[in-house]
Structure formats: C-alpha cells, structure tokens
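As you go down the protein sequences, you meet chains C and L in turn.
Going by our numbering, the first sequence opens with residue 1, and the numbers climb by one from there.
Going by our numbering, the second sequence opens with residue 1001, and the numbers climb by one from there.
Don't read these hints as lab results, they were simulated from the structure.
C-beta atoms are modelled at their ideal positions from N, C-alpha and C, and glycine is treated no differently.
Nothing false has been slipped in among the hints.
The following label-pair restraints were derived from C-beta to C-beta distances:
| id | chain 1 | residue 1 | chain 2 | residue 2 | range |
| --- | --- | --- | --- | --- | --- |
| 1 | L | Met1113 | C | Val180 | 30 to 36 Å |
| 2 | C | Arg2 | L | Gln1020 | 56 to 62 Å |
| 3 | L | Glu1356 | C | Val99 | 36 to 42 Å |
| 4 | L | Ala1055 | C | Val180 | 38 to 44 Å |
| 5 | C | Ser156 | L | Phe1275 | 54 to 60 Å |
| 6 | C | Asp70 | L | Asp1018 | 50 to 56 Å |
| 7 | L | Arg1436 | C | Ala96 | 47 to 53 Å |
| 8 | L | Trp1084 | C | Val99 | 42 to 48 Å |
| 9 | L | Asn1254 | C | Glu27 | 53 to 59 Å |
| 10 | L | His1023 | C | Arg2 | 53 to 59 Å |
| 11 | L | Lys1038 | C | Glu27 | 43 to 49 Å |
| 12 | L | Val1042 | C | Glu164 | 18 to 24 Å |
| 13 | L | Gly1426 | C | Glu164 | 35 to 41 Å |
Dumping the calculated EDC-like pairs for lysine to aspartate or glutamate here, alpha-carbon to alpha-carbon at most 20 Å:
| id | chain 1 | residue 1 | chain 2 | residue 2 |
| --- | --- | --- | --- | --- |
| 14 | L | Lys1387 | C | Asp94 |
| 15 | L | Lys1169 | L | Glu1189 |
| 16 | C | Lys181 | L | Glu1390 |
| 17 | L | Lys1387 | C | Glu53 |
| 18 | L | Lys1009 | C | Glu184 |
| 19 | L | Lys1387 | C | Glu89 |
Listed below, chain by chain, are the residues.
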Amino acid sequence: MRVGLFVTCLVDAFRPNVGFSAVALLEQAGCTVAVPAGQTCCGQPAYNSGDREDARRIARQVIELFEEFDYVVAPSGSCAGMLKRHYPELCAHDPAWRVRAERFASRVHELSEFLTDVVGLREVDASYAGRCTYHDSCSSLREMDVRAQPRALLGSVQGLELQEMADTEVCCGFGGTFCVKYPEISVRMVSDKAAAVTASGADTLLAGDMGCLLNIAGRLKREGSAVRVYHVAEVLAGRADVPGIGEGDDA
Amino acid sequence: MSAPRPQFKAQAGRALRDAQLQHALTHIRSGFVENRRKALEVLPEFEVLRRAGKAIKDHTLANLDLYLERFEREVQASGGQVHWAGDAAEAREIVLRLCAEAGARTVTKGKSMIGEEIAINAALEAAGIEPVETDLGEYIIQLAGETPSHIIAPALHKTRAQIVALFRKHHAQYGLSQALESVPEIVDEARQVLRDRYFQADVGITGANFLIAETGSAVVVTNEGNGDLTATLPKTHIVLASLEKVVPTREDVNVLLRLLARSATGQAFTAYTSFFTGPRRTDDLDGPDRFHVVLVDNGRSVIAGDSDFHEVLRCIRCGACMNHCPVYNAIGGHAYGWVYPGPIGAVLTPLLIGEEQAADLPNASTLCGRCEAVCPMSIPLPGLLRKHRERQYAERIVPPRQRLALRAWAWLAQRPAFYHLSTRAGMRLLRLLARRHGRFHRLPLAGGWTANRDLPAPQGETFLAAWKRGERP
Ligand code: SF4
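Chain C on its own, in the form it takes in the complex (with noise of 0.2 Å):
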C-alpha cells in the first residue's frame, strides 16, 4: 500500500515527531510511506473564513499532488476532514475537479482511523507508563468519525491506563482564527477543557489534532499543571519520550 502522508502545516512547524510518529506507525503497519514535497496546508484558514477561491486553489494544488497514492493519511481529524469532506464541495461547479475531488476524497483517512479501519491493525509495539486521558477533537469525531479508533490502539499499549475525562466531545476552544480573533470566549472554552482534565487524575492529555493540543498544552502549562501533553501518534509510536508539547528541555 502506498500511502502519500499528510503532515499537516501545524505538524511541520510546531512538533516533527508526530510527522515520524505517523510514518512509524505507518510502516510499522506495512504500509510504503511518501511525504511529498511540495504540501503546505490544507487550506482551512482561507476556507473557514470566506476566502472560497484560494481556498478552492489550495484543494486543487493538494489533490494534484496527492493523487497518485493509493491513499491519503493526515495526523490530525480537522485537516483529514478538510480534505475528505469539503474540497469535493469545493470542486462541485467544476465537473473534472468534481470527480478528481471525489476520488481524491474517498482515499482520505485520519490516521487512527486509517491504521485500525483499513489496514486492521489490532495492536502497537509501544509502551508508556502513564494514567492518558484523550480528547475527542471536534472534527475527528464529528467529521471522520473517531472515536474508538485510538482509544482502541491504546488500550494495546503496555502500561498505559485510560482515563476518560467529562465533556470529552466538546471544543476545547481552539477553531483555528477563532482563538486569535476571539480570545476571550476561547480562553474560557480552554479553561473549562483543562479543568476537565484536571479533574480527570490523568497525568497526560492525548489528542489527534496539534491545534488543541498546543491551545490546551497551552492553558494547562499557564495554570502550572504537571500534565503533560503529547499527539496520540507520539504514544502509540514509543516516541513519546521527548519533552512533551510545551515543555522546555530542562522541564
């Protein structure tokens, strides 16, 4: 299976080790990875906020250089979802686009989804000492469909104990502009999120998506909480063993 990875633009900047984290875990599960060169972003940001034609431009450029895998795999539900279900919205005028759209998205998977629904993976080769509770990302759950895919990875991690936290399935606030555009309703929602991980007795927060994971990394470092923070791919790969998200090297 060839699969062209996505690594996300949040990936690329902030936090690399997912993008190897993915690429472990792809290869692990017999998977031929590619990273094309030429990716940048998924096109949320012009998209989410009315700007349709670089938008449109930005799903077309994606597509091109996608479409040759076999399929398509992203670390994150809001960008997977980006592609899955909305460039074929935005290529529905377009009679050609709207088929390589088409085609295009029914490649799509977030990763979780993809290692346990497509290529049946049952199990990891990881473990991490740790109480994890998992924060259901809006788009992963509402969009792709996740929600029992990684908790189902790591229920096979050795050591790792699940703990469910309240409110899992609400926003954590994050929303792409909308935390810089309105940072006082965001904070509240973060606030809320962190508190309900607190409460939980967890001592690390996993999630699928590097926008909430940096928003709430974010919070609960500004509160002082020993959590600790990492992209669920980082656990079920055995890389977690570098400083978590927001923690400095001398943490």
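Given chain C, work out where chain L with the ligand should sit, using these hints.
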C-alpha cells in the same frame, strides 16, 4: 428593521466577567443537555423520526405558497381571519389595529419569538396598552425589563436569587412580604398574580409552534398551560406566526412535536399541546369570539428563495443547538445582541438584520459541529456559518487587516518553496526565542493567544526540512 449594531465582543466580554450569569449558565449542561441525552437513549428510532421531520419541512418549504393559501382558506372556513404582514412595522400595525377594534387596555401574551422580533410589547405600550407576559420565564424578564436570552428558557440567564429579588421588588404591591424559598413557591406567586390578569385581558396574543394547513389550526405547546388561558379567556385571540411555521397536516405536526419536545427539554411530549381552530362555536364551552392569525414574512420569503440559506427555515426553535454550543454556554444569549441567540441566531440574525449589522456572529464559532449533530432538523449550521463568512469576504465586510493577512498566508500556501523557507526560518527563530523553556508566556503579535495561555514553542526544525535532510524515524 431597526436593530442596534450588536457590540458582540464587548457584550461577550461583559458576559464572561458576570459571575451570576456564569453560574446560571452551568445549569444548561446538567439540565437540557443531560435530559436530551437520556430521552434519546430510550428512543432508538430518533434518527428515523428526524429524517421524517426534515422531509416534512423540506416538502412544505418547497410548496410554501400552496400551504399558506390552504391555511388561509381553512382559517376563514372556521370563522377566523388571516392577515399578511410583509415586515415588522406592518405586523405591529395589524396587531395594534386588532387591539383597537377590541377596545383593548390589557393584553395577555404567550411566549412568541416573532413577537420579540417585531418588538410588539414596546408597540403595545406606546399605544397605551399593557402587555402581560404569561409564560413564567417571559414574566420574569418582563419584571426585569429585559429580553429573552434563550428561545425556550427566556430567563435562563437569571439565578434563583435574582428571580426572588425581582419578585420581592415587584410583587410587594400585591402583598408579597416573605422571601420565596423554592421554585414551586415562585411559580405559585406568579400564578396568583397572573390569575387576575387573565380575566382583565381584552386580547390574548400567542405565538404558534406550528400552523396546520389542512385544518387552519395554530398549535401552541407550553409546560405551564398559560397558552390555553391566554388564547381562550379573552374575547379576541391573535396568533402571531412567521410564514415558515406552516405544515401540511396534523400527522406532520405529531412527528415534529415529538422531535421538538425531546430536543428542547428531553420530554417525550410537552405538558400542554393546544390546537386552536377558529373562534368559539355556538356549542363551545369557552374560546374567543374573534380569531386572527397574523402571518409575518419579515424576510422569510427572501430566505426561502435563497439557495444558500433556505435550509434554515426548517428550524423548529427547539434550542438544542444553543444548549450544546460551547460559545453560547460561555457567553449566554444576550451577547448575541438580538432576538435569536446561539448557532441558529448566528445564522438567522445576519439574514434578518443584515450581514454588516451582525458581522461578528457567524465568525464567533469554532465550527465544532455539535449544533448540527444535535439539530433535530439536520440544519447544516456550521456550513451556513461558513456561507455567511463567504458573503462577508465577498462584500469586504472582513476588516482590511485580517483580509490582508489571509491573502498573504494564502499566497505563501500556494508557493511551497517560499512557504517552506519562511516556516523553516520562523520556527527556528521561535525556538531560539523560547530557548529551553518550550513555551512562550508572552509573544508580540500573539497577544490574544498569550493573554491567558502559553504558546508551546516549536521543536525547532520543520518536519519537511528534516525529512528532506534524510531523517527517518
Ligand atoms: S437550528 Fe435546529 S437545534 Fe437550533 S433551534 Fe432550530 S431546530 Fe433546534
């Protein structure tokens, strides 16, 4: 329509700092959200019902003229009258004329969002007619001189202590001396006073949850029975309803009522469901002598013909979207600045009062999708919010600085070589600035982010640069 330009950000900020409001809002989760969840748990066929409801509304909206005309004929056949109002001013005029014909001095009112939309209370007062709200929540906010903050629980933003204080202040004139302790005591106190008002009223104005074309009936649901008393005791009953409330048959209403009650409060059915058809007949024991329906367009026919937004007219005003909206839960209904709050308000308000007037509303959402997930009418609320954003972008309502930043980013995103050069340089710089802390406590240009949360620092090298260098897991 005269609506003040909502100062959304300022109002939201005030709401976030209002401790009493924040306390009041916490009840949504344990109340509405939890009750709906339980109600759906025991109704596996909810999805089937939901599809049926959507089909009914879609069919009706596609044939709106037909069903409205049928409705009018049936109302006339049962001895009532239909009045068509193009906009809010016309609707107010019609109601005032009908009140004048009835020689009204006091009007009892059931809860009606369209009444809020056309600001009927202010118009009545200006004409020297006293409107008396009979829904407990509406009555409370009338005492407080406020507007509803939720479409099914208008006084949701008030704490019990605030409500008790309101009664103490306003009901002293009716002899209330001791403090009210419990909810039943509050309800009872309001009931005592309202009882007399019902009998004084010359006209009763209710909204309508549905209008039935087949029978010419108006359907009103309440949990307090106040709709019945408002509609049947005075000599004149005026139903105020917007065009999209019409449905073809009684059967259709059954489907929609089941969806409405479960989505709104988690009840299987609302406590009181009344069907009003025409004035009292000779052998009726009660009922008004005159039955009027004011059909208000106020922008509906434009929305119905707008292929981008017509789906919003399926809304049955259950409030589930706002109950589940994390933004509504954070700031409450008044911050939205007009009649309809929450996700439905963010979609509807710009359509009714203008994109520019309500520019913030469609933007102040993370598009988390919970509203669409719970909407019994499957209205694609996040998609409609995006459509508003597209309009704002096309009409250049987006602030120039934001537009410029967006364009610059989009330019880069379409030029991978430049994009990678700048992210690589940017991330390396950020890493250097963060030194070994791993995060920023404060960062120029990121003040919104770092005011109350840290910004995690990047690891340093970008993934694509490392990959190109040949690094592998
Ligand atoms: S949009 Fe949907 S959830 Fe919101 S009030 Fe209307 S019917 Fe209910």
